[in-house]
Every structure is written in structure tokens, then in C-alpha cells.
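> Residue strings, one per chain:
Protein chains: 2
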Amino acid sequence: MRAALTALLSLVATSALAQQPLDVPAKQLPVPNTVSPQVQKLIGAPLRNNWNIQPKTGEEWKVVADQGAEPTIKNLPKLLDDLKVKVEKQTIDGVRVFVVTPEKILPQNKNRVLIHMHGGCYVLNPREAGLPEAVMIAAFGGFKVMAVDYRMPPEAYFPAALDDGITVWKALLKQKVKPKNIGILGTSAGGALTLAMVLKAKELKLPMPGAISSGTPMSDVTKAGDTFQTNEMVDNVLVSRDGFCDAGTKVYANGRDFKDPLLSPVYGDMGGFPPTILTSGTRDLLLSNTVRVHRKLRQAGVIADLNVYEGQSHAHYLRDHTAPETKEVFTDMGKFFDRHLGK
Amino acid sequence: MRAALTALLSLVATSALAQQPLDVPAKQLPVPNTVSPQVQKLIGAPLRNNWNIQPKTGEEWKVVADQGAEPTIKNLPKLLDDLKVKVEKQTIDGVRVFVVTPEKILPQNKNRVLIHMHGGCYVLNPREAGLPEAVMIAAFGGFKVMAVDYRMPPEAYFPAALDDGITVWKALLKQKVKPKNIGILGTSAGGALTLAMVLKAKELKLPMPGAISSGTPMSDVTKAGDTFQTNEMVDNVLVSRDGFCDAGTKVYANGRDFKDPLLSPVYGDMGGFPPTILTSGTRDLLLSNTVRVHRKLRQAGVIADLNVYEGQSHAHYLRDHTAPETKEVFTDMGKFFDRHLGK
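From first to last, the protein sequence lines are chains A and B. 213 is the number that UniProt numbering gives to position 213 of the first sequence; each next residue is one higher, with no gaps. 317 is the number that UniProt numbering gives to position 317 of the second sequence; each next residue is one higher, with no gaps.
This is chain A alone, in the form it adopts within the complex (with noise of 0.2 angstroms):
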């Protein structure tokens, strides 16, 4: 009796002990060797200014994003011209795009278009802030980008931003743009919308695009996802959880439940997809968010192709297009795209 009640409470202490949480000291990061020296910089930079703000309407939020949106406005012009690319403003169906071209089309993406989705926490990154990643696409995959403008919190709540993609995506398909020709892409938010876009189509009963590009998607607003643990803290733009990523999906998801595909993906039906490339970081606290989409669509049989970039943090890959990386990402996407695109 007593032997039975040893082994059994061995076993129990052992089952326990299996499922404990691991205790990680604290520790000190270098900055790796292993990247580029503009990369290296980036990793480098101190945490993100205010990652912990809190703010709790889009009134608070739309002050933080006009301030946030300057930086990045006043350096479009250089961004441009290094680049080459020109952009215009449109309306289309009453939502705002930027029709983002680069100097040479090439021949191939003659009849192509990509709509671009841009990131930031469905709050941030208004008017021509949200443009880099259009840009760089345009320029590096020589496509012609409708980049979307979308509505956002205090001017509407969910579905607004989700509403203004799938406007242009039909408008483009009014327009006789070959399905297959269009492509979209988006980083973090706009990754997560170019994904919950796809979910809507298949609502509707749109054609599928030919391909398209989720970058270190929010795949998982719930905070489901391992890396949200271990890279917290560690990457320095979104830092933690609990940031001001969180607090601004709040404000736009407006009540709805944060596991409702259309704003955590990861939970939709990824069957009958088109090709999806996905980009992510050894540093990035949505790496989880990427490498479960990225499992979710290979289980649905969808060619799904990830790309994992070393010790960078969430989307630095957006934020110096001098660094040889950031060339990778958009030459390895523009080929994605060329090789999966109708013509």
C-alpha cells in the first residue's frame, strides 16, 4: 500500500513537474554579427518610445498617430526618389487608395495589380505613412500597387479597414482585372487583413487572387502564440503583449470578439487559398502568429512558402529599404508573386 501510494505520488510529481512552467533568467542580447550593418542598427535601436501607451479611443489614438505618422511622411520623398517610384491619390468607391508606380513596370506585371494593406494596429500609420512596404514592392517586384487608405478608429471601428480592401479588390474586378492577376500583401495589421480579406472573398464567393504576401501577420489577437513569451522584451518595436499593439486592436475591434476570424485569422478556413508568402523574424513576437498561419495553410494543402529573417524584430524589414535584407524580402516576394500571378 505504502509502495503504491509512493509510485503513485512519484507519478503525479513527475506529470506536474512535466507541465511547469520554465523559469529563464534574466539576460543580456548582444547585437549580432550575423546581419547586415543597417540590420544591425535596427536591432540595436533602444526598445520602441511608449510600447506600453494605453490609450482607450480612437480620439486618443488619432493624436498619437499623426504624431508617429511625421517621421516617416517627411522621409517619403527620399524614399521615393532613391526608389523611383511615383504616387498618386485616388478615390475608388468612396475609399481612399495611393496608386503607387514604379519608374519601369515590368512586362510581365503589365496586366497585374497588388492592393497593399498597411500595418499598424488598425490605428496607426494614416495617409502616406502607411505607404513604405507599396513602395518597396513597387519598386523591387516592378509592380504598379493600389495602396489602401483605410478607414480607422476615430473615423470608423471594425469591419471599416476590412470594408475599403474588399471595395477596391471588387473595383479592380469591375474594372475586368483578370482574378488571377491581382495580387495583395500587408505587414502585421495588414497582414492579418490581407488573410481575413481572402475569408471574406470565400464568404462572398469572390474569385481567389493569384497570390498573396502576409507579413508577420496579427494572426492572433487573443495572445495565443509562443513567441509572445519568449520575444517579449526581446523585440524591440513591439516589445510585449500587453503594448500598444494590444490597446489599439481594442479601440478598432470595438466590442468584437478578438477569436472572430476576420480579426484572428488563424482560426479561419484556410482551404482553397491562394500561394501565401510569409515573412517573420528570429526576434519577432508575432514569429508564433507566422509559423502557425504558415502550418494552418500547408495542412489545407495551399503552397505556402515562410521566410524567416535572423534576429530581426516585428516588420523591421519596413524600416530601412538601404539594407540588403530588405532587397531580399521584396525580391524574393516579387518573385513569389511572378511565379503564382496571372498574366
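Hints are computed from structural coordinates only; laboratory data are not their basis. Accuracy of the hints is not assured; some may be wrong.
Copies of the same chain look alike in the list, so a pair counts if it fits in one copy or across any two.
Simulated crosslink set (BS3-like; lysine-lysine; CA at most 30 angstroms straight-line) [claimed, not checked]:
1. Lys144 / Lys178
2. Lys223 / Lys27
3. Lys205 / Lys176
4. Lys259 / Lys327
5. Lys259 / Lys27
6. Lys41 / Lys259
7. Lys84 / Lys27
8. Lys56 / Lys27
9. Lys144 / Lys89
10. Lys335 / Lys202
11. Lys223 / Lys259
12. Lys62 / Lys74
13. Lys180 / Lys335
14. Lys41 / Lys27
15. Lys180 / Lys86
16. Lys27 / Lys170
17. Lys202 / Lys343
18. Lys56 / Lys110
19. Lys259 / Lys74
20. Lys41 / Lys223
21. Lys174 / Lys327
22. Lys250 / Lys104
Fit chain B to the supplied structure of chain A, relying on the hints for placement.
Only chain B this time, still in chain A's reference frame:
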């Protein structure tokens, strides 16, 4: 003058700040709920026993290796039974191999053979202890596998493992197996050996294999790679770049420069490599070693497919053949070989 000096000092301060290491506070990592119960159990296990042992000679390592091999060899009959796989010992041109055969070799694999190089830091997993990966790809992929039981310290030192792999490969070529019908795979040291064999084959002007699989390769034993830092004490298998695995590699290398591409294949020229599938996990100490190889292959224009599994530490996918993620790893790997091998 004073203003200029102040400006200069401020510039120095800024650039020093920009390259400062990042202080990450201590944290407690819960077991994620985004993986199967089997993988939860692997993630929740305590740090590997004796992760920081430092045997200094081949003789000392043999004792550790024999002891460590026991549980794996004891569990092998159940693994073979569950997966319906047979193992037969052979010697090929003086090299010990196990011929691993599934109950059903798939019809398209009739004329194909995989060469398997096991892991274990060049000192562990002797004899049948090196077989689990070979058994799993045989079962889940329907392939015949030649698992090389290569020489390890104290029997032999660098480049014995590599030489034994090459000998088996040459023997298959002599047996008129078409070069493109041969695949090579391995994990950890085996993943590095797989890459090193291809580098060596280029030197020897052997015809390239049809495809290779390099799982979480020890592709850079110089300890360069950012996840050596970020995943230190997070990966519960390797634990630290200064742990047992480094000690084992030192003994095997036997004075050879760690930057030699045959020991650190990430420094090799990967032009002309066959299509390569790479596997890692978000907690893997060698995630950087894996993604850096992926990028190098892509930069060289090689077809390279990266798969990163949620929450997994180094080579967790070899540890439980009942985990759905394990089946996924080997099913994806099998499909990759099927897509790229000749028939």
C-alpha cells in the same frame, strides 16, 4: 569649438546607444496551448539532464553516449512495431549502415533511396540510437532508407562521419542508383553533415542528389547566430551554446578550424545545391543556424523550403512519433522528396 565638441559627443553617445546590447528581464515561460498535448509535454519537460557536462576526450564521450543510447534503443522495438518498419544491419564498403524499410515502399519510391545521417553533436546516438528519424521518414514517407552508423570518437574523429556518409553515397552510385533518385537527410549534426556532404560532393565532382533535408542543422559551430542568445535557457534540449553539444563538437573536430565549411556549412558556397527542406522550431537554439542556411540557399538560387514549428526546441520533432506535429514534419518532408527526386 565647445558646441562642435558637444555635438560630436552627442553623436558618439547616440551611435553607441544604437548598438547597445538589450537587457531582457528574467521571465517564466508557460507551456503554450497552441500545440498538441504530446508537444506540450515535450515543451514542459525540464532542461535536459546534464546539459552542461563537458567531457574532454572521445573515451569520456563514449561512456556518456552508451548510457544515453539505452532508452532510445530500448524504445526502438515499439517504434518499429507502431510504424511497421524493419531494420537490417549491413556493412557497405566498410561502413556500418542500417537498411530501414517500411512495410510499404510507395510505388513512386521503388527506385529511390534516402541516406540518413543521425544527430548527436558528432559523439552521441551510436548504433540503433541514431535510428528514430530514419524510421519516421521511412514510415511517413514510404521510403527505403540507408541509415549510416558513422564512426564517432574515440573510434575516429573529423572528418570520419562525413567520409562514412560519402562512402555510402558512392556505393549507391556504383550500384547504379540514379543520382537524382538519391536523397540525403539528417537533423542537428546530421543536418550539418547532410549539407557538408553536398559541399564535399561538389569538391569531388559527384553528381548532385535529387533533394536533401537538413533539420535544425549545426550549420555554424562558431556560436554565431542570434538565437544562440535569444533562445538560451529557453530551448530545453540544447539549453546553451556553451553546453554539452559544443563540448562534443570540440572533441570530434580534433583541432579542425570551426569555421571550416565542412564543420560550419553555413560558410560554404551553396551554389548548385539540390532542393533543400529545412525544419526548426520557435524555441530552437539553432533557429538562426537554420534560417541563415535558408537565406544562403535562396541567395544562391536554390529551391529551399523552411518549416518552423510552434514552441518546439531543438529537434523536438524526433521525440514523439505519436505527435501530430511529428507526422506533419515527416509527411511534408516526404512530399518534398517526392516532388524533387527522380523516379
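> Each hint needs a verdict: does it hold in this structure or not?
The hints, checked one at a time:
1. Lys144 / Lys178: Answer is within; shortest intra-copy Cα gap is 15 angstroms, inter-copy 45 angstroms.
2. Lys223 / Lys27: both (24 angstroms within a copy, 17 angstroms between copies)
3. Lys205 / Lys176: within (17 angstroms within a copy, 53 angstroms between copies)
4. Lys259 / Lys327: between (34 angstroms within a copy, 27 angstroms between copies)
5. Lys259 / Lys27: between (34 angstroms within a copy, 27 angstroms between copies)
6. Lys41 / Lys259: between (36 angstroms within a copy, 25 angstroms between copies)
7. Lys84 / Lys27: Answer is neither: 43 angstroms inside a copy and 46 angstroms across each miss the 30 angstroms cutoff.
8. Lys56 / Lys27: between (33 angstroms within a copy, 28 angstroms between copies)
9. Lys144 / Lys89: Classified as within: same-chain Cα gap 14 angstroms, cross-chain 60 angstroms, threshold 30 angstroms.
10. Lys335 / Lys202: both (26 angstroms within a copy, 27 angstroms between copies)
11. Lys223 / Lys259: This pair counts as within: shortest intra-copy Cα distance 10 angstroms, inter-copy 40 angstroms.
12. Lys62 / Lys74: The answer is within: 18 angstroms in one copy meets 30 angstroms, while 64 angstroms across copies does not.
13. Lys180 / Lys335: both (15 angstroms within a copy, 26 angstroms between copies)
14. Lys41 / Lys27: For lysine 41 and lysine 27, the Cα distance is within 30 angstroms both inside one copy (20 angstroms) and across copies (26 angstroms).
15. Lys180 / Lys86: within (25 angstroms within a copy, 47 angstroms between copies)
16. Lys27 / Lys170: Intra 50 angstroms, inter 47 angstroms, cutoff 30 angstroms: neither.
17. Lys202 / Lys343: Classified as within: same-chain Cα gap 23 angstroms, cross-chain 38 angstroms, threshold 30 angstroms.
18. Lys56 / Lys110: So lysine 56 and lysine 110 fail the 30 angstroms test inside a copy (45 angstroms) and across (64 angstroms) alike.
19. Lys259 / Lys74: neither (37 angstroms within a copy, 44 angstroms between copies)
20. Lys41 / Lys223: Answer is both: 28 angstroms inside a copy and 21 angstroms across each meet the 30 angstroms cutoff.
21. Lys174 / Lys327: For lysine 174 and lysine 327, neither the intra-copy (33 angstroms) nor the inter-copy (44 angstroms) Cα distance is at most 30 angstroms.
22. Lys250 / Lys104: Cα proximity of lysine 250 and lysine 104: none, with 41 angstroms in one copy and 53 angstroms across.
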